[in-house]
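Let the sequences and hints guide you as you build the complete structure.
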Amino acid sequence: MFPARSHREYPHRYRLEAGKCKKCGKIVFPHRLICPVCGHREFEKVTLPDTGKLVTFSVIRVAPSQFVDQAPYAIGIAELTNGVKLLAQITDCDVDKLAVGTEIRIEFRRVQTDGHQGVLSYGYKFVPKWY
Amino acid sequence: MRDVAVIGVGMNKWGELWEKSLRDIFVEAALAAIDDAGVDHLDSMTVGCMTGGLFVGQEHLGSLLADYLGYKNLPATRVESACASGGLAFRTAFIEVASGMSDIVLAGGVEKMTDVSGDGATYALATAADQEYEVFHGATFPGLYALMATAHMQKYGTTREMLSAVAVKNHFNGSMNPFAQYPFKTTREEVEGSVMVASPLRIMDCSPITDGAAAVILTTIDIAKKLGKPIIKIIGSGHATDSIALHSRDDMTTLLSTTVAAEKALKMAGKSIKDINFAEVHDCFTIAEIVVTESLGIFAPGKGGEAAVKGETGLEGSFPINTSGGLKSKGHPVGATGVAQVIEVVKQLRGTAENGRQLKKRPKIGMTQNMGGSGGSTLVHILEVA
Chain A
15 MFPARSHREY
25 PHRYRLEAGK
35 CKKCGKIVFP
45 HRLICPVCGH
55 REFEKVTLPD
65 TGKLVTFSVI
75 RVAPSQFVDQ
85 APYAIGIAEL
95 TNGVKLLAQI
105 TDCDVDKLAV
115 GTEIRIEFRR
125 VQTDGHQGVL
135 SYGYKFVPKW
145 Y
Chain B
6 MRDVAVIGVG
16 MNKWGELWEK
26 SLRDIFVEAA
36 LAAIDDAGVD
46 HLDSMTVGCM
56 TGGLFVGQEH
66 LGSLLADYLG
76 YKNLPATRVE
86 SACASGGLAF
96 RTAFIEVASG
106 MSDIVLAGGV
116 EKMTDVSGDG
126 ATYALATAAD
136 QEYEVFHGAT
146 FPGLYALMAT
156 AHMQKYGTTR
166 EMLSAVAVKN
176 HFNGSMNPFA
186 QYPFKTTREE
196 VEGSVMVASP
206 LRIMDCSPIT
216 DGAAAVILTT
226 IDIAKKLGKP
236 IIKIIGSGHA
246 TDSIALHSRD
256 DMTTLLSTTV
266 AAEKALKMAG
276 KSIKDINFAE
286 VHDCFTIAEI
296 VVTESLGIFA
306 PGKGGEAAVK
316 GETGLEGSFP
326 INTSGGLKSK
336 GHPVGATGVA
346 QVIEVVKQLR
356 GTAENGRQLK
366 KRPKIGMTQN
376 MGGSGGSTLV
386 HILEVA
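Protein chains in written order, with the numbering used here: chain A, 15 to 145; chain B, 6 to 391.
Calculated directly from the structure, the hints in this document are not laboratory data.
A virtual CB, placed ideally from N, CA and C, is assigned to each residue, including glycine.
Treat the hints with caution; some may be incorrect.
[Claimed, not checked] Taking lysine-lysine pairs in the BS3-like style, the calculated list, with each CA pair at most 27 Å apart, reads:
1) A/K143 to B/K160
2) B/K25 to B/K234
3) B/K352 to B/K269
4) A/K40 to B/K366
5) B/K276 to B/K366
6) B/K230 to B/K352
7) A/K99 to A/K40
8) A/K111 to B/K160
9) B/K365 to B/K238
10) B/K160 to A/K99
11) B/K160 to A/K67
12) B/K269 to B/K279
13) B/K18 to B/K238
14) A/K34 to A/K59
15) B/K279 to B/K352
[Said to hold, decoys possible] Partial selection, computed: residues in chain A whose CB lies under 8 Å from chain B:
16) T70
17) S72
18) I74
19) R75
20) P78
21) S79
22) F81
23) K99
24) L100
25) A102
26) Q103
27) D106
28) V114
29) V125
30) L134
The following block contains the structure:
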């Protein structure tokens with residue numbers, strides 16, 4: 015992965031920065047240039063809450079090459095306490111105990127490695143609250 | 006707008022075609038369509054291909070394929086909408102003939118997927134998802150449809166048995182399709198004993214990696230009459246998009262792009278879904294067929310799985326789905342799939358579907374639904390025997 019591509023995502027991946035529409039209040043993650051609800055073009059920078067609950071999940075057993083050493087691993091979509099939904103890996107857990115509705119918190123983790131000499135990519139993962 | 010008919014169809018036997026290149030596969034199907042139509046020239050050509058670049062390192066496909074088809078200097082347009090590229094090529098050709106810009110247009114689709122490893126294919130297909138906010142985190146395509154399946158099971162009580170019913174039915178239909186990649190029958194036990202890919206989806210819930218092409222010839226009703234061909238008229242065309250990231254949608258148990266595209270196509274045709282006799286839909290995974298039949302309005306939300314178990318979608322059912330075997334059995338060379346769906350509908354409407362899978366009560370109106378990614382785009386077409 016070319017470093018610039020990774021670098022430009024740091025505000026979202028490292029700091030959970032989102033945009034809040036100054037007109038209608040819609041929160042978009044990642045940031046956008048125009049509000050998908052009202053068409054307004056000005057946003058204020060907000061930080062996403064770091065807790066929510068799973069609305070769906072799956073345990074991946076056939077994984078892409080960057081993730082083979084982690085398989086089987088779970089991915090899920092969580093709805094955060096402010097209503098924003100996002101997808102991430104669910105880590106530090108017994109995947110057989112996951113359920114829709116499981117409460118999670120967001121933690122900062124290494125997400126993938128681009129080969130032996132490539133960029134280490136960090137970002138957010140979900141951790142069930144029971145861990 | 007001029008009325009437009011499909012007068013020729015052609016495809017090859019799909020599979021792992023080690024001896025054939027992308028260009029050969031495409032030209033085979035295109036020549037079969039040209040021969041079936043009996044036309045002596047083309048005015049234009051559209052080709053759907055998701056990613057020749059990632060699968061065989063080849064772009065600029067419009068020109069390459071027109072050249073190898075023997076048509077130097079032909080206007081040739083390659084279109085892309087992930088797994089809906091074929092459906093988009095068909096719509097583009099339809100618009101071109103309807104508008105009066107061209108009289109005889111070939112709409113084709115092609116994908117050569119086995120020149121890369123399984124991992125390479127997984128990477129190429131994943132480009133149809135949100136690279137930075139889905140794929141980056143380890144989501145795969147089976148994984149995204151698995152997220153839909155889990156949500157659907159949670160909301161409606163959809164079961165493992167319902168998913169299996171889709172696979173068993175489509176392989177049964179595909180066993181009668183001489184062009185299918187996997188024309189074998191299967192059983193619920195085999196499906197449920199197959200290896201897990203992304204829970205709850207097993208390998209027998211997934212459509213395969215396929216090399217293949219498909220092509221159809223579109224022209225005006227007047228030219229079709231002069232050629233003396235059975236006239237299958239395109240009466241509706243709908244196209245809609247949605248966010249390609251699944252998590253950006255309000256409801257993950259339905260496919261809004263499919264609902265909107267179907268509404269547009271039905272409105273154009275002046276029909277309701279009850280007027281449609283059968284459909285070819287995008288069963289890239291078993292759960293997809295269930296969600297799509299609900300999103301099209303064929304069955305109520307949450308009732309698609311039950312309908313599959315009860316045989317409502319079988320050859321003898323109230324609304325046959327995927328008489329060709331669908332993506333599951335026929336194969337899924339992504340760019341070709343949308344065009345091959347049209348071919349099956351044309352065959353059923355002509356009454357020429359092979360080996361006993363022809364619907365007994367001869368259908369009058371058929372529908373195709375071809376979808377990109379996890380539903381980020383959908384093309385719906387409605388065809389009628391004139």
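The hints, checked one at a time:
| no. | hint | result |
| --- | --- | --- |
| 1 | A/K143 to B/K160 | holds (23 Å) |
| 2 | B/K25 to B/K234 | violated (31 Å) |
| 3 | B/K352 to B/K269 | holds (24 Å) |
| 4 | A/K40 to B/K366 | violated (52 Å) |
| 5 | B/K276 to B/K366 | holds (20 Å) |
| 6 | B/K230 to B/K352 | holds (18 Å) |
| 7 | A/K99 to A/K40 | holds (13 Å) |
| 8 | A/K111 to B/K160 | holds (19 Å) |
| 9 | B/K365 to B/K238 | holds (21 Å) |
| 10 | B/K160 to A/K99 | holds (17 Å) |
| 11 | B/K160 to A/K67 | holds (16 Å) |
| 12 | B/K269 to B/K279 | holds (15 Å) |
| 13 | B/K18 to B/K238 | holds (26 Å) |
| 14 | A/K34 to A/K59 | holds (6 Å) |
| 15 | B/K279 to B/K352 | holds (21 Å) |
| 16 | T70 | holds (4 Å) |
| 17 | S72 | holds (4 Å) |
| 18 | I74 | holds (5 Å) |
| 19 | R75 | holds (5 Å) |
| 20 | P78 | holds (5 Å) |
| 21 | S79 | holds (5 Å) |
| 22 | F81 | holds (5 Å) |
| 23 | K99 | holds (4 Å) |
| 24 | L100 | holds (6 Å) |
| 25 | A102 | holds (5 Å) |
| 26 | Q103 | holds (5 Å) |
| 27 | D106 | violated (15 Å) |
| 28 | V114 | holds (5 Å) |
| 29 | V125 | holds (6 Å) |
| 30 | L134 | violated (13 Å) |
Hint compliance for this structure: hints 2, 4, 27 and 30 are broken, all remaining hints hold.
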